[in-house]
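Engineer: Under the numbering used here, the first residue of the sequence shown is numbered 801, with each subsequent residue one higher.
Since the hints were made in silico from the structure, they are not lab data. Remember, it's a predicted structure, so these values are computed and weren't measured experimentally. Errors might be hidden in some of the hints.
With a Cα cut of at most 30 Å, we get these calculated DSS-like pairs of lysine-lysine [as the list claims (entries may be wrong)]:
no., residue 1, residue 2
1, Lys995, Lys1072
2, Lys827, Lys952
3, Lys952, Lys995
4, Lys1177, Lys1190
5, Lys952, Lys1177
6, Lys1003, Lys1182
7, Lys952, Lys859
8, Lys873, Lys859
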Amino acid sequence: MDEGSDFASSPLVSYWSETRLDIILWKNESESYRGFLKYSNPTVSAELENGTTVVPDTKEDLCVTIEYEVILKETGISEQRPLKRPVKILLNPIVTQRYRYFPNLDGRGEFIFPPSTNRFYSRLFVLDLEKYYDDDGSIGARCSLHQCPNQKDRLWLTISNSETGEIYEAFLIHHYEGNIFLMPNDAQLDFALAKRYADGVRKSDLFDVEGLLKGPPPSMAQLAMLVQDVNVPNLMIHDTLERTISQLVPQVFPENIRQSLCVFLGLLALDKIEQRKDPDDLSVEFAPWRMVSSLYNSHLLYTILKIESPSYVRLMHLAARREMQGIGRTVREDIGKSEWLMFWHLLHDGVKNFRDEIPILLDIVERSNQLGTITGKIIPSKSTGQRSRKAWVTRLVCNSSVTSPSLICTPNLKALGLDQILYLGSAYCWPHRHMSYITSLGRWQVNNPPHLQHMILPSKASERIRRLIPSVLNVTWSSRTFNPDLYTNQWNVRPDDILSSLGRTRPLTTLRKKYYTPSLCDVDYITPTEALVMDIITRSFHMMYFKERPYLFEKMFGIEKQLFIRTARSLAKRGVLEPQYILIPLLPTLATIACGEPKNIVSLADAFLSGSPTCTAYICNEGNDAVFLSRIPPSDLGELARSLPQAGQEHGTTIRCFRPHTLRSYNHSLYQRLLREDGTWDDDVRGFLSQARGKRVEIANVIDSMKIKSCIT
């Protein structure tokens, strides 16, 4: 939200009614009643003029006719406007979700194409991960989506206040726009995963946070140990720990973050950080307060490895003043808008790193890959950690590191009858059933920046899209690599080796022999349980989940732990999945788009796959095109981005480099979405193709997209 907005502090009001929308309720074709549509928490109901309130149920689909829409004007005020023709909707919404709503934004932040109806997308900042925590002028809103029985390509959207029911916006949207409500992205599901975990913990196992906060305060001497070189005006001892410690935590932080920091600082001040506390016990005790367990775990490592702990209060106040000098790596622009996230980055980047941390993690990854199976046995058990200091430190490192070891399985798509295709352009940005992920390339000041979209779909559906949109890239071969040998106290990349690779030639068979290539086995069918396991394990799966208590594992993932392991191993044995253990380095990503002779493209692919800490490579159209997504140290990224296009020109290859700016992935339920009840894959690609009919859409082809000036910022 712009600070200079004329209505930034104005409450959103309505000219006509704060809580209801005029409707006609149809009991049957001949019996109708006038009334109002009400969105009260948590139900939607129809309040009729005769005083009757009708609440829909799942047994009958009541229809209502709406004659007016509600539009948010540029002044931030809602206005009721008559529709050109009445719209009939089903009273019971097909989905209802809560969002953070910013009514006073004018749509300048909308980077999606085709543009959303009345630009509602730009005001629902829940899609931005950071906005889960920041209030920053937002309103708690509820988005309700209704089907329109007479208009299959449209849906009715109502955005209302989640507490009062006040209607902010209500109008028809395109069916493809509805998927942002029907398909939560992976970031949203990660929060849901954490909530399911927290809800699953028995209350008797939780730490008494309220007792700590309402308990006796620390002494002035204990406070002084926390404050150190920070000036906190009028610091004094109050009657409770919370009132006392809260003086140290900046007021600009969101309230839930402030409370978590008060808990951690309180434990620290009262010397209640237990040095033999196991990370599994920490996760359970502080399940609803993930930040507390993370800070607690990290502080244990500082203590055991005899590393000076950071000045937490000082870093908080630096972040509150937006002083970012301590951050060594590039951070996203939106982090600068969130003081508490600035603190989090200062904490991880502005203090001494654990010198032995990554070698410990790399050792676990290497030994796990040597086993070549789906297991978490390499991480020491809790009982082993209690007997061995080294094992205990290893458990702490595995559970506390931002780059914790993960298992990620590559699916054998060909065996499953599935294809991969890429779309590079500025259209088709709405999520749809077959979308795996979409990332915007570069920082653009227009509403239709180029995007790279990855899709997984049945072969027949892939052929249909390629026939209608020849510009899509058909993925001939792909691979993902992790190169731990490039780490020696820091991640190392040799840009010259990547640049010089364009002067060499390689056949595609080189990549097939050198890197993982799925077998040609045929898979008759995939069960719903196997689809669930594939969705869990083809994303980055935290290895510590293997150590999770069985009842909490089932609460999180919806599957019994041992059944999950058996199913995953069976899929690997059948050749459906290839397990790989990796670390995800905290490094920026470079997206490289190349077009030229296959022999040069394949050589460049080989250099990226073997010379980057991590790389995902897509060889397309039999080697004439390629896309590489590589994590590169900041010191090398700029040189590569500047030099690759010139080096490509010298060898007849067109190369463009971009910094991916935003990422939305939808892999959490991909295979479950695509698997039909009869065991076949969903081949209905209208969710993707229908976006071409949105107004002002122009389907850009790949060549035109690649001519866009590269943007490395």
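Engineer: Determine for every hint whether it applies to the structure shown.
Structural biologist: Here is what the structure says about each hint:
1. Lys995 to Lys1072: The given pair, whose Cα atoms are some 26 Å apart, holds under the 30 Å limit.
2. Lys827 to Lys952: Within the cut-off at roughly 22 Å; holds.
3. Lys952 to Lys995: 35 Å, violated
4. Lys1177 to Lys1190: 16 Å, holds
5. Lys952 to Lys1177: 51 Å, violated
6. Lys1003 to Lys1182: Holds: lysine 1003 and lysine 1182 sit about 22 Å apart, inside 30 Å.
7. Lys952 to Lys859: Given that 30 Å is the threshold and the Cα spacing comes to 21 Å, the pair holds.
8. Lys873 to Lys859: 38 Å, violated
Hint compliance for this structure: hints 3, 5, 8 are broken, all remaining hints hold.
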